[in-house]
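Please build the complete structure, drawing on both the sequences and the hints.
Line by line, the protein sequences are chains F and H.
In terms of this note's numbering, the first sequence is residues 1 to 336.
In terms of this note's numbering, the second sequence is residues 1 to 258.
No lab work stands behind these hints, which were simulated from the structure alone.
Note that the Cβ used here is the ideal one computed from N, Cα and C, for glycine as well.
One or more hints might be untrue.
Estimated spans, in silico, between C-beta atoms of each pair [said to hold, decoys possible]: (1) Leu310/F <-> Thr124/H: 43 to 49 Å; (2) Glu248/H <-> Leu32/F: 46 to 52 Å; (3) Gly232/H <-> Pro329/F: 37 to 43 Å; (4) Met148/F <-> Lys180/H: 24 to 30 Å; (5) Gly253/H <-> Leu115/F: 52 to 58 Å; (6) Glu247/H <-> Ala302/F: 45 to 51 Å; (7) Glu306/F <-> Glu248/H: 38 to 44 Å; (8) Arg243/F <-> Pro251/H: 31 to 37 Å; (9) Glu240/H <-> Thr286/F: 26 to 32 Å; (10) Lys180/H <-> Ser5/F: 18 to 24 Å; (11) Val236/H <-> Ser125/F: 46 to 52 Å; (12) Glu199/H <-> Gly178/F: 23 to 29 Å; (13) Glu247/H <-> Pro241/F: 41 to 47 Å.
Think about it this way: if two alpha-carbon atoms lie no more than 30 Å apart in a straight line, the pair counts; the simulated DSS-like pairs of lysine-lysine are [claimed, not checked]: (14) Lys129/F <-> Lys218/H; (15) Lys141/H <-> Lys129/F; (16) Lys315/F <-> Lys76/H; (17) Lys129/F <-> Lys296/F; (18) Lys5/H <-> Lys218/H; (19) Lys141/H <-> Lys101/F; (20) Lys157/H <-> Lys198/H; (21) Lys76/H <-> Lys316/F; (22) Lys173/F <-> Lys141/H; (23) Lys170/F <-> Lys123/H; (24) Lys165/F <-> Lys5/H; (25) Lys285/F <-> Lys315/F.
Listed below are the residues making up each chain.
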Amino acid sequence: MEVLSEGKGELIGWHDPDEARSWVKNNKSRELKNKLMAAKEAVELFVHDGDYIASGGFGHVRVSMAIIYEIIRQKKKNLAMAGKTAVHDLDVLIGSGCVNKVEPAYSFGHELRGLSPAGKRMVESGECKILAEISNAGYQWRFLAGMMGLSFIPSRTLLGTDTLKYSSFKTVKDPYTGNPIVLIPAAYPDCAFIHVHRCDVYGNAQIDAIAVEDFELARCARRLIITTEEIVDNDVIRDEPWRTVIPFFCVDAVVEVPYGSHPCEMPGLYFYDEEHISEWLGMAKTNDGVQTYLQKYVFGVAGFEEYLDLCGGIKKINYLKRREALREPMIAPWRK
Amino acid sequence: MTNEKYNIREYLAFLGSLMLEDKKSVFVGTGLPIIAAMLAQKTHAPNLLIVFEAGGIGPMIPELPVSVGEGRTFYKGIMASSMHDIMSLSQAGYIDYGFLGAAQMDYYGNLNTTVIGDHDHPKTRLPGSGGAADVGSFSDKLIIIAAKQSKQTFVNKIDFLTTAGYLDGPGARENAGLPKNTGPYRIVTQLGIYGFDKESKRVELVSVHPGETIESIKENSSFDIIIPKKYGASPVPPPEYLRLLREEIDPTGIVLGK
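See the structure below:
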């Protein structure tokens, strides 16, 4: 196949398909075993300095914040992150100094809430490196190629753009049509963390919402930590197997964390904590503010339950549930 | 444009809504595009199929979503799907309209949402493509809302070509390998509505907003906008559209202001 052009971005997380298969053979057990553990243990076991990590959900929606905070607490270093519409999670990880490389599809912005001061500042200063540019479909299909055990997947997206020029993709002549087509390389994150509505102790997980990219991400990630709102019996999974989005053999750790997406939304359960996000956006304007935030909400607490208490505890949680159910009016404290 | 009866953001949402037809599909981005689609669905396009990149299909949106991935984007929808599904449907031709906001644009409708200044030494780092470059690749008709038309936003050369318009002119999209018969269709700014000249694929005036002039349109662009012999006057919003925007779609004034 004739290569017409190559993106100048750095290719991260790609492996030869045979190497990827042997990794699966050697590391992904088909044994139905209890994987329940604490966030601390999961991060100690499966997140290492220098890893390429990816977070499930989308933007401020269904994010495994308990794992994000734990990564910061354990002071992991030199992490590269998939910016597959990664927003709040990426922002605190860059601000804390854990992540210093990113491949952004959509990052450094909080959608309607405006740009994210921490991530943006550290990219502009050079402290956080842009590995390559990519789009949301691009990231989606990097995971799809990985999940399929292929080295790439073809697509017609991005042709003619600088996004493609700065990507890690190659453009070739399609042997069927004769036209240019983009080859999107597979991605195999070293570790991914996905927050779900329910899961059994083996890792069979259900999501009562859009899956976003998590069907594919769960299957291409080398290590996968599931955090869940609740643990259910294996019978609950087997009664309605069509609801399983992630099967146990993809999962390395199961962590039970009710409200574990806070301050992000968990569809159907609780809404964004706009007050908390607004507090972060305010404090993230300076490096000192970031440190004050981390001291208060991450290093100053023993774990996620203590953090939730600090954020307003049961009173706040009940409010966020009513907000999700459209029983409280919209607020936008971050609005200028 | 100044008008005591409505503000510019309300007006942009109204004009955006008019571009969406009933029984068509639209892939919407954050902010004004969502509001315009919600307004169209509540008025002249009740069967508008709204699609969100993260997986929401055909929702009955109960409240303005802050994110294109939140629960409101598939509330009472026909499917809570996935990004792979939406992007594949887009690539396969199921999306009629794409609808985006933009920071910087050139005369072929190419958009920049990645960086101001040099890519590797940015003056201002912006979020990047998100789904924009994909919608720009796949939509039959791309609608762009650029709320602040000026010499700084309508430029001869954008700092970074995030999303494809007509690239460098007629035939360029097809030569690059993008799907045939796709590309930018309309641009709505605070001054006027624009389309693209059939031959040159360059920005061409369609209509001028009330209170604005050809001079104000020319003064607020670094490139030459094609002014055809015949151009229209942008419509005035009926009171019902304004009521829906203020009372039902954005009562908090998050995007539209108070």
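Right, here's what the structure says about each hint:
1. Between Leu310/F and Thr124/H the beta carbon distance is about 34 Å. The supplied range of 43 to 49 Å is therefore violated.
2. Remark: the range hint 46 to 52 Å for Glu248/H to Leu32/F is upheld by a beta-carbon distance near 50 Å.
3. Look at Gly232/H against Pro329/F: about 39 Å separates their beta carbons, and that is inside 37 to 43 Å.
4. Checked against the hint of 24 to 30 Å, the C-beta distance between Met148/F and Lys180/H comes to roughly 28 Å, which is consistent with it.
5. With their beta carbons about 20 Å apart, Gly253/H and Leu115/F fall outside the hinted range of 52 to 58 Å.
6. Take Glu247/H and Ala302/F: their Cβ atoms lie about 46 Å apart, and the range 45 to 51 Å holds.
7. Evaluation of the 38 to 44 Å hint for Glu306/F and Glu248/H yields a pass: the beta carbon distance comes to about 41 Å.
8. For the pair Arg243/F and Pro251/H, the beta carbons lie near 36 Å from each other, so the given range of 31 to 37 Å is met.
9. The hinted window of 26 to 32 Å between Glu240/H and Thr286/F is violated, with their beta carbons roughly 47 Å apart.
10. Restraint check, Lys180/H to Ser5/F: a C-beta distance of roughly 21 Å satisfies the suggested window 18 to 24 Å.
11. With their beta carbons about 48 Å apart, Val236/H and Ser125/F fall inside the hinted range of 46 to 52 Å.
12. Taken as a hint, the range 23 to 29 Å holds for the pair Glu199/H and Gly178/F, whose Cβ atoms sit roughly 27 Å apart.
13. Under the hint 41 to 47 Å, the C-beta atoms of Glu247/H and Pro241/F, about 45 Å apart, fit the expected range.
14. Straight-line distance between C-alpha atoms of Lys129/F and Lys218/H comes to about 39 Å, which puts the hinted pair past the 30 Å bound.
15. Note on Lys141/H and Lys129/F: the hinted pairing is violated, with a Cα-Cα distance of about 35 Å set against a maximum of 30 Å.
16. Our distance criterion of 30 Å between C-alpha atoms is met by Lys315/F and Lys76/H, whose separation comes to about 28 Å.
17. This hinted pair checks out: Lys129/F and Lys296/F have alpha carbons roughly 27 Å apart, not beyond 30 Å.
18. Between Lys5/H and Lys218/H the alpha-carbon distance is near 26 Å, which keeps this suggested pair within the 30 Å criterion.
19. Taking the CA atoms of Lys141/H and Lys101/F, the gap is near 35 Å; set against the 30 Å cutoff, the hint is violated.
20. The straight-line distance between the Cα atoms of Lys157/H and Lys198/H is roughly 21 Å, inside the 30 Å bound, and the hint therefore holds.
21. Among the hinted pairs, Lys76/H with Lys316/F is consistent with the structure: their alpha-carbon atoms are about 26 Å apart, no more than 30 Å.
22. In summary, the hint linking Lys173/F to Lys141/H is supported, as the alpha carbons are separated by about 26 Å, within the 30 Å threshold.
23. Between Lys170/F and Lys123/H the CA atoms are separated by roughly 28 Å; this keeps the pair inside 30 Å, and the hint holds.
24. For the hint pairing Lys165/F with Lys5/H, the CA-to-CA distance comes to about 46 Å; that exceeds 30 Å, so the pair is violated.
25. Restraint check for Lys285/F and Lys315/F: the C-alpha separation of about 28 Å stays at or below 30 Å, so the hint holds.
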